[in-house]
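Enquirer: Top line first, the protein sequences correspond to chains A and B. Using the working numbering, you'd call the opening residue of the first sequence number 1 and step up by one each time. Using the working numbering, you'd call the opening residue of the second sequence number 258 and step up by one each time.
I should point out that these hints are in silico values taken from the structure, not numbers from a laboratory. Wrong hints could be hidden among the right ones.
[Unchecked claim] Partner residues are not named here, just some residues of chain A that face chain B (Cβ under 7 Å, in silico): (1) L3; (2) E5; (3) I8; (4) N90; (5) S92; (6) E94; (7) E95; (8) V101; (9) N103; (10) S257.
[Unchecked claim] Each computed PhoX-like pair below joins lysine-lysine, with the alpha-carbon atoms no more than 25 Å apart: (11) K88/A / K399/B; (12) K522/B / K253/A; (13) K522/B / K486/B; (14) K351/B / K88/A; (15) K279/B / K253/A.
[Said to hold, decoys possible] Just the calculated beta-carbon pair ranges, DEER-fashion: (16) P196/A / T390/B: 51 to 59 Å; (17) Q27/A / D411/B: 32 to 40 Å; (18) D479/B / A11/A: 46 to 54 Å; (19) I42/A / Y271/B: 50 to 58 Å; (20) S431/B / Y7/A: 57 to 65 Å; (21) L130/A / E375/B: 55 to 63 Å.
Every residue, glycine too, gets a C-beta built ideally from N, C-alpha and C.
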Amino acid sequence: MSLYEQYIAFATIVRKEIRRYMRIWSQTLLPSAITMSLYYLIFGSLIGSRIGEMGGRSYMEFVVPGLIMMAIVTNSYSNVVSSFFGAKFNNSIEELLVSPVPNYVILWGYIAGGVSRGILVAIIVTVVSLFFTRMQINNFAIVVSVVFLTSVLFALCGFINAVYANSFDDINIVPTFVLTPLTYLGGVFYSLDLLPEFWAKVSQANPLVYVVNAFRYGVLGVSDVSIGFSFGMIGFFVVVAYSYAMYLLRTGKRLRS
Amino acid sequence: MTPALKISGLSKTYGNGFEALKGIDLEVGQGDFFALLGPNGAGKSTTIGIISSLVAKSAGKVWVHGVDIDQDFPAAKKFLGIVPQEFNFNVFEKVEDILTNQAGYYGMPRVRAKERTEYFLNKLGLAEKRTTTARMLSGGMKRRLMIARALIHDPKLLILDEPTAGVDIEMRRSMYDFLREINAAGTTIILTTHYLEEAEALCRNMAIINHGRIVTNSSIRDLLRDLNKETFVLECQGPLPVEVTLDNFAVQRMDDHSLEIGIEKGQDIAVAFEGLRQQGIVVVSMRNQANRLEQMFLNVLEGNA
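Excised from the complex, chain B in its bound form (with noise of 0.2 Å):
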């Protein structure tokens, strides 16, 4: 199958000399749920403009859905929706205008745009603000807004910079659902995130770019089978002896109450729990000290230093 995405040899430097992207090679399937990651400036909204037409490439092909972007970047295009980091819509303009209008330019009949419109005010809860200047809405209706104006053409590639910046918990978890919902029905999306909680809830196959060069490109699932090292916070009963030592595991005490421990990879978890009971300690509960992916990610990137 025609891959949704492709990339091929794609660099941009600068007109100051600053080499974002050096020859980044990726793919995404149709259909997949795909993250980006990487630091600031890393090269991910440089790779985003590039495919969205902002941003002009030095070197290297882009093909989106089999559409060479230099061949014929308007047939590209209609694949595309874009939902970038910075809010980029005339906040003097009311919120079904800029849905409206959106779907004008990409040539849809004005009864249909029209229809579109009402559906995603609707299915992302703007009805209510429809005649509202956009400037009038808070910060996560903004990033709503947006979302719909991305899929108001029916897009079948969405990309996502970042789209629960400063938005509240309630509303990326409604997020999160419309998201997988979009994609279940066969909206390819990729989504660059810092909140790597959000990468593995949502993606299945990810690749962490560092200093414009593509560093990992696997699924989620293998990437952290391959995780060697993981470091949980043990919540105790009791106050905890001064000195805390469990042979073959690195263990720290925290606090009177709390432990960390480091599990290799290999390593039985149950075999540190029956040390520690046979100190008399006894483990209330236990979560990772971070998340597994972001574990998985700062590895990557100290390995690519």
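Bound-form chain A, shown alone (with noise of 0.2 Å):
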């Protein structure tokens, strides 16, 4: 395929991304804005005005970039697991796996399908977030580079946990089992300070303690992790989920007989 032919092919994937999420709008954009008010209610505003001050910023200015942070995570995972599974489910994902389409570009497509639903609800919890706090952008360029970033690691894990899974079940165990106890523990609602030095080593090995703070840094301009390495760890992580991916579609792991 030429290039323009391999651009045709990704906007459409990456169009009929958008369309599906955007039909079911209620279930995939309406969700996080209900959750992140109550959290901005509740942790913010209720709770978060007997806390204090957290890393020199009131609790309410602390916690926001992390629920954005989060709202991010769980859509751009949820978006690429439940489209590319579907797709397997039905069968229909043999439209794309009989077509001269690469596979590079058949993993774009779903990243961006992904990564734009991600950037929606930012966009989305953002602006709920401006009725309850005030927000000014320390950093622009860092705030949407990890925006980005932590949108394509989490697409890509998304696309991962589709090709292993065998039934609905399956794309559940992973956002349930693993993704929110990370996010929970990544530093969305606290100071990594604040934990014994043994539990903040070991939070270290969560990639969410780098995006949560990378973002933070980006927002208020503080942070538990130097920024450099924060981008250095999202980049690694990344760079393995897409060989991984990558390595899944090239061998037709799950995809293909």
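Put the two chains together into one complex, using the hints given.
Expert: Written as structure tokens, this is what we have:
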């Protein structure tokens, strides 16, 4: 396929993905807005006012970047896992597999779908957060690049989950038993300084620590981890996940007989 | 001329040790209407799966319009249109979106994709259902949607895996007409089917695959010419005698009005009619007991069981 034809194939996959989640917006976009409003209300306004400062900021200011990142992680992941597994489940993935679309175009098409939903939800929950607190961006370039890399990373993780999943139960196991605990333990609601030394070190194996802190640095200018190291770790996880997803597509594991 | 499809020594052994294909060779010429026949589990769908990249081969080579799939599978895929046995579209998508998206996967610009979609929606009687989600279509419409989708990028080789399964007679006839039309326009067609009268009506050449091996590969005309014995059912006037015999012919009385008679190669059926007439039996009508191709198919399979 020429580069132009590959671009058309990519645009087709992305358009299809966006139309899919926009068609069911009440299941894909609305829940995050409602959930995050409740987080802002309960953790930020009600409990947060009694906590006082964290990381040199009011608790509400501290928690908002983490919650926005949590929405991005959840949505970019669940968009790809549900869409790709759905296509695998009803065999419509064969439409792509029998076509001449290169594997990397298929993968980037699904990633772009997940990224677009992650960013759209991020915008929604950011707008909602403005009803609860002020927000000043410390470094716009860092914010944009962290949002992009994070949504790519978790879209890739969703893709890998979808390839291995045999049933709809399997696509819920990872978000419930892995993603949610990692998010809650990734410094969304607290500074790592509050943890005992041992648990602070254990937390460094959690990729969510880096995405939450890098984003918080971009917004507030405060972070538990150095921004350079955070970017390095996010980049490392992206490369590993991308390589593995490409390996799955190239070998046809769980996709071809 | 480069064959539309060439297969050499193609083998497939699944992970559980089952040998679905045991080194098949096959060649289908450009413009041919070719039948790939065989009982369930013979290896037809595995062969199609390998050609379409959904199944990984264990050994052998496949060329589509001269393009080696090991060298440049994407280029080979551009020549191919596949209509699989099972419905494999997203049932929640609109009919027109399924077609337009498929064209996009082949790199077709959106304006052109919409024109092609429009053409096939009209051609295959789906125009009124363009905005309907695919799950709301009848079985016959779903089959037509699969054919339209396979043709949307204008492939040179169309492979249909049992395309008329579950389709009513009227719809089947219109599908036959459409397939003849695109074949006449130059598209090579390979058809697998369990309806042997379908293969006889549509195809010029055929191969029979059994237990993962090609057991026959010839023109249908030649194969039928080689048919050694045909069995006919004769409908007769008036009640037949209790015992009906005929020298040199195997005759069996079915009921008061019908006989079954076996005619071997070289025998003259007029002799049989004359023998019956001498016994006062008047034949009103005659038909093949089984489709001729079916008879030949069974003979071949019995010979290779």
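Enquirer: With reference to the structure, classify each hint as holding or not holding.
Expert: Against the structure, the hints come out as follows:
1. L3: With a minimum Cβ separation of about 10 Å from chain B (threshold 7 Å), the hint on L3/A is violated.
2. E5: 2 Å, holds
3. I8: It holds, given that the least Cβ distance between I8/A and chain B is near 5 Å, below 7 Å.
4. N90: 6 Å, holds
5. S92: 4 Å, holds
6. E94: With a minimum Cβ separation of about 5 Å from chain B (threshold 7 Å), the hint on E94/A holds.
7. E95: Holds. Min distance 6 Å.
8. V101: OK, holds: V101/A within 7 Å of chain B, min 5 Å.
9. N103: Interface hint status for N103/A: violated (10 Å vs cutoff 7 Å).
10. S257: Status holds, d = 4 Å.
11. K88/A / K399/B: 19 Å, holds
12. K522/B / K253/A: Violated - the C-alpha atoms of K253/A and K522/B are around 53 Å apart, more than 25 Å.
13. K522/B / K486/B: 6 Å, holds
14. K351/B / K88/A: With a Cα-Cα distance of about 18 Å, the restraint between K351/B and K88/A holds, given a limit of 25 Å.
15. K279/B / K253/A: 23 Å, holds
16. P196/A / T390/B: 51 to 59 Å: 55 Å, holds
17. Q27/A / D411/B: 32 to 40 Å: This hint holds: roughly 38 Å between Cβ atoms.
18. D479/B / A11/A: 46 to 54 Å: For D479/B and A11/A the Cβ distance comes to about 50 Å; the hint holds.
19. I42/A / Y271/B: 50 to 58 Å: 54 Å, holds
20. S431/B / Y7/A: 57 to 65 Å: At roughly 38 Å between Cβ atoms, Y7/A and S431/B fall outside 57 to 65 Å, so the hint is violated.
21. L130/A / E375/B: 55 to 63 Å: With a Cβ separation near 46 Å, L130/A and E375/B fall outside 55 to 63 Å, so the hint is violated.
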